[in-house]
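Q: Residue-level listing of the chains:
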Amino acid sequence: MPDQSALFGAEASLASGDVDGVFLFILAIAGFFFILTQGLLFYFAIRYRRKKGEEAADTPYITGNQTLEVIWIVIPSLLLVAIFAYGLFVFIKMTTPIPGAAEIQVTASQFQWSFKYQDGRTSVNELRLALGQPVKLIMTSRDVIHSLFIPDYRQKQDLLPGRYTYLWLLPKKTGTFDIYCAEYCGTGHSLMRATLIVMPLVEYDNWVQGERKKLQAGTLSLADRGKALFESSGCLGCHSLDGTPKVGPTLKGVFGRRVQLADGRSVRADEEYLRASIVEPNEDIVKGFQPIMPAYRATLKGDDLAAVIAYLKTLQ
Amino acid sequence: MSNEGIATTQPQPDYLAARGFRSWAFTHDHKRIGVMYLITTHFFFLVGGVIAMALRLKLLSPGPALFSDHAYNVLFTLHGAMMIFLFIIPAIPSSLGNFFIPLLIGARDVAFPRLNLYSYWIFVVGVVVTVASLLRPIDTGWTFYTPYSAQSSSAVTALSLGLFLVGLSSILTGLNFIVTIHTMRAPGMSWYRMPLFIWGMYATSVIQVLATPVIGITFVLLIAERVFGVGFFDPAKGGDPLLFQHFFWFYSHPVVYVMILPAMGIISEVIPVFARKPIFGYKAIAYSALAIAFIGFLVWGHHMFVSGMSTPAAVIFSFLTFFVAVPTGIKIFNWIATLYRGSISLDSPMLYALTFIFLFIIGGLTGLFLGSLATDVHVTDTYFLVAHFHYTMMGGTIMGLFAGLHYWFPKITGRMLHEGWAKQAWWLIVTGFNVTFFPMFILGMQGMPRRFSQYPEKYQPLNIVATVGSWFLFLGILIMFANFVRSLRSGARAPDNPWQGLTLEWSVPSPPPVENFEEIPTVTDWPYGYGSRSRSGRDE
Numbered sequence: 001m002p003d004q005s006a007l008f009g010a011e012a013s014l015a016s017g018d019v020d021g022v023f024l025f026i027l028a029i030a031g032f033f034f035i036l037t038q039g040l041l042f043y044f045a046i047r048y049r050r051k052k053g054e055e056a057a058d059t060p061y062i063t064g065n066q067t068l069e070v071i072w073i074v075i076p077s078l079l080l081v082a083i084f085a086y087g088l089f090v091f092i093k094m095t096t097p098i099p100g101a102a103e104i105q106v107t108a109s110q111f112q113w114s115f116k117y118q119d120g121r122t123s124v125n126e127l128r129l130a131l132g133q134p135v136k137l138i139m140t141s142r143d144v145i146h147s148l149f150i151p152d153y154r155q156k157q158d159l160l161p162g163r164y165t166y167l168w169l170l171p172k173k174t175g176t177f178d179i180y181c182a183e184y185c186g187t188g189h190s191l192m193r194a195t196l197i198v199m200p201l202v203e204y205d206n207w208v209q210g211e212r213k214k215l216q217a218g219t220l221s222l223a224d225r226g227k228a229l230f231e232s233s234g235c236l237g238c239h240s241l242d243g244t245p246k247v248g249p250t251l252k253g254v255f256g257r258r259v260q261l262a263d264g265r266s267v268r269a270d271e272e273y274l275r276a277s278i279v280e281p282n283e284d285i286v287k288g289f290q291p292i293m294p295a296y297r298a299t300l301k302g303d304d305l306a307a308v309i310a311y312l313k314t315l316q
Numbered sequence: 001m002s003n004e005g006i007a008t009t010q011p012q013p014d015y016l017a018a019r020g021f022r023s024w025a026f027t028h029d030h031k032r033i034g035v036m037y038l039i040t041t042h043f044f045f046l047v048g049g050v051i052a053m054a055l056r057l058k059l060l061s062p063g064p065a066l067f068s069d070h071a072y073n074v075l076f077t078l079h080g081a082m083m084i085f086l087f088i089i090p091a092i093p094s095s096l097g098n099f100f101i102p103l104l105i106g107a108r109d110v111a112f113p114r115l116n117l118y119s120y121w122i123f124v125v126g127v128v129v130t131v132a133s134l135l136r137p138i139d140t141g142w143t144f145y146t147p148y149s150a151q152s153s154s155a156v157t158a159l160s161l162g163l164f165l166v167g168l169s170s171i172l173t174g175l176n177f178i179v180t181i182h183t184m185r186a187p188g189m190s191w192y193r194m195p196l197f198i199w200g201m202y203a204t205s206v207i208q209v210l211a212t213p214v215i216g217i218t219f220v221l222l223i224a225e226r227v228f229g230v231g232f233f234d235p236a237k238g239g240d241p242l243l244f245q246h247f248f249w250f251y252s253h254p255v256v257y258v259m260i261l262p263a264m265g266i267i268s269e270v271i272p273v274f275a276r277k278p279i280f281g282y283k284a285i286a287y288s289a290l291a292i293a294f295i296g297f298l299v300w301g302h303h304m305f306v307s308g309m310s311t312p313a314a315v316i317f318s319f320l321t322f323f324v325a326v327p328t329g330i331k332i333f334n335w336i337a338t339l340y341r342g343s344i345s346l347d348s349p350m351l352y353a354l355t356f357i358f359l360f361i362i363g364g365l366t367g368l369f370l371g372s373l374a375t376d377v378h379v380t381d382t383y384f385l386v387a388h389f390h391y392t393m394m395g396g397t398i399m400g401l402f403a404g405l406h407y408w409f410p411k412i413t414g415r416m417l418h419e420g421w422a423k424q425a426w427w428l429i430v431t432g433f434n435v436t437f438f439p440m441f442i443l444g445m446q447g448m449p450r451r452f453s454q455y456p457e458k459y460q461p462l463n464i465v466a467t468v469g470s471w472f473l474f475l476g477i478l479i480m481f482a483n484f485v486r487s488l489r490s491g492a493r494a495p496d497n498p499w500q501g502l503t504l505e506w507s508v509p510s511p512p513p514v515e516n517f518e519e520i521p522t523v524t525d526w527p528y529g530y531g532s533r534s535r536s537g538r539d540e
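In order, the protein sequence lines correspond to chains A and B. The first sequence begins at 1 in the numbering used here and counts up one residue at a time. The second sequence begins at 1 in the numbering used here and counts up one residue at a time.
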């Protein structure tokens with residue numbers, strides 16, 4: 001079997017091999033018809049070409065052929081039914097629940113992915129799975145339509161507001177894989193990406209234990225609490241922490257920075273500036289960005305606001 | 001053949017003789033109305049093309065470059081909306097259809113000339129409203145999916161109104177053509193003696209009349225949703241965002257056949273003329289146009305396999321989708337069979353017609369991957385879809401349009417095109433097109449989603465190839481248009497029948513007189529009687 005990863009990307013899940021099988025089956029049939037039709041097209045165009053300036057040759061008066069018409073209706077129809085049936089078979093297999101699958105809740109919002117595991121762990125823009133362990137993603141959107149797409153898994157499913165859709169995944173390869181949003185969702189659509197990390201089962205269990213300990217420790221610092229709020233409020237959808245501007249400005253080193261505003265003013269980002277920019281973000285727009293951030297006046301109050309600002313201060 | 005155009009001039013003035021704004025703005029002449037559509041729609045083709053060049057330029061770099069993500073999203077929305085609604089849907093039917101349906105069936109005008117003029121002006125008002133609404137940036141994509149379109153820029157309301165008017169104009173034009181084809185054919189022109197372009201336009205008009213009202217209703221619902229807050233598509237109010245997609249594709253899928261069927265009609269005219277052979281399988285080609293129009297109404301759900309639509313629905317839509325491939329295949333096989341033992345002259349109209357077949361085969365075969373459920377899940381909403389769409393629409397419809405423009409330019413303008421320029425442009429267009437769009441199939445298979453203003457670096461090399469290809473494509477199109485403009489002034493005078501065609505438009509002077517036919521001709525044979533009948537018999 002030739003290595004298809006160059007064309008399709010890695011075969012990283014149960015579905016990838018099946019889907020590639022259908023792909024190659026169609027490619028074989030399409031390839032046959034491609035060569036047949038293009039071959040005849042080029043052959044006829046060259047073989048029966050009239051030389052420049054030559055009078056049109058005496059051509060035969062052929063107007064059709066019943067047998068040929070029947071042949072090129074019946075044979076393609078049969079092949080099309082075969083393609084349909086094979087595609088259907090694999091599609092049904094992909095959308096059939098895998099027994100014993102662990103459930104993970106996925107919530108998409110402009111422009112980030114949130115994952116919630118059965119034991120209460122949550123993560124943003126990072127999905128961790130154990131090798132060979134099936135999972136069922138139960139997915140919904142908080143705003144517009146998104147689509148969770150894992151190219152190496154050959155799987156994709158739209159997420160809609162107000163209802164659940166599902167994906168069944170069975171990782172077959174360890175490593176790091178891309179998750180994209182495949183349904184256009186607004187300004188930050190192309191940056192709405194997440195990482196899928198697949199670990200061997202033992203390593204995965206260790207990681208889960210560690211995460212649980214952190215959760216149970218309970219006494220979180222103000223900044224740690226701010227970090228959790230920051231992630232669950234969707235801030236990462238538009239703001240990076242590594243210095244690259246996304247839909248909104250990066251928050252790396254934001255505290256104490258001089259900020260150039262769209263109206264020409266320049267201000268220093270102190271606690272009050274950060275507070276105002278969270279509760280009423282469209283009052284002061286940073287130069288070069290759109291006034292599209294929702295106001296968090298109703299969602300982040302008092303201590304929570306202080307916690308988020310404390311966290312922002314740590315991003316140096 | 002030498003310049004005989006002048007020698008055969010009729011006493012009647014040609015349709016271009018009258019001068020002045022009013023002679024155009026208030027004309028009832030289907031030919032003038034066709035020319036006005038031609039100019040209006042091609043203006044948007046050029047604007048949409050310039051926008052496409054800007055998009056490709058940005059995609060040279062995977063990161064933030066050139067302009068913002070928001071600007072990119074606005075520009076791809078503009079590119080799609082202009083190319084689809086203001087160019088490719090009306091381009092062939094309203095311009096070449098208007099000009100040539102009466103000429104090909106031996107009529108002096110369409111059935112309702114005044115309605116035809118109104119249709120044009122409704123179209124213009126629609127275009128003005130649409131363009132005015134676009135001054136306030138819209139970034140929904142040309143598909144306007146709710147709920148995003150229900151909450152983004154308020155200009156969506158004005159845009160919907162503009163497109164509603166453009167749609168109304170198409171409905172009226174379609175109606176006009178159906179009546180014209182039914183009632184105005186010259187004596188002796190039975191249905192099976194009609195040129196295949198007329199069959200294609202007939203099937204197209206039926207779709208226009210039946211499907212366009214649905215998008216009109218959809219736009220009205222979208223306006224109601226935005227202005228009055230009615231929750232048709234809003235789950236918070238008990239609505240369903242998928243309902244919008246069903247409405248949208250119920251129109252927008254059949255409408256891809258509005259785009260392609262007229263082009264297929266042109267190919268069926270050009271191939272026999274330049275191969276000097278009767279069209280192979282006339283009835284099969286004619287009926288397959290009707291079959292495509294009919295099945296085309298039953299497959300809209302194949303745009304929605306991963307949308308959250310139920311599995312049984314997806315299965316049925318996939319099954320039906322494969323049956324659009326059969327009549328399409330019939331046409332391809334018959335065109336190729338027409339070439340067999342022909343005497344093929346590779347003039348520019350024929351080059352574009354053969355290019356249509358070459359590219360449309362690729363577009364059609366790649367459709368199989370999108371029609372099959374399992375593979376669609378992977379490649380839908382990726383660059384594979386973008387490539388497939390452009391191979392069928394640009395490689396198909398637009399190459400068919402180019403074939404038609406080169407074929408009929410002498411009849412429309414009374415001037416011949418410069419063949420050398422035409423071939424230069426053709427080389428650049430064919431090469432540039434494939435270098436631009438073929439890499440996108442691979443990008444899509446590797447998982448690059450469409451509508452990405454920034455993308456992972458691993459996709460950069462093929463994006464660079466595509467962008468470089470787009471420069472050649474664009475240059476070729478500019479040369480082609482330069483040839484049109486140049487030949488209007490300095491092209492050789494066109495004879496009545498430069499290609500020795502047998503359809504009726506070639507029996508009148510170039511450009512045709514106002515009334516088309518001095519005397520309505522009586523038709524005694526089908527229009528594809530090329531070749532020598534003594535050498536083999538007609539088997540039908």
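Any given hint could be a false lead.
Stated by the list, open to error - If you want the footprint, here are the derived chain A segments under chain B, 3+ residues with CB under 8 Å:
1. 64 to 76
2. 88 to 99
3. 112 to 120
4. 178 to 186
5. 221 to 235
6. 251 to 261
The hints are simulated quantities; they were obtained by calculation from the structure and are not laboratory data. Since the structure is predicted, the reported quantities are computational estimates derived from the model, not experimental observations. Built from N, CA and C at the ideal position, the CB exists for glycine as well.
Q: Each hint should be assessed against the structure and marked as holding or not.
A: Tested hints:
1. 64 to 76: Satisfied; 8 residues make the cut.
2. 88 to 99: holds (count 7)
3. 112 to 120: violated (count 0)
4. 178 to 186: holds (count 8)
5. 221 to 235: Contact hint for the segment 221 to 235 of chain A vs chain B: violated, 0 residues under 8 Å.
6. 251 to 261: Coverage by chain B is violated for the segment 251 to 261 of chain A (0 residues, Cβ < 8 Å).
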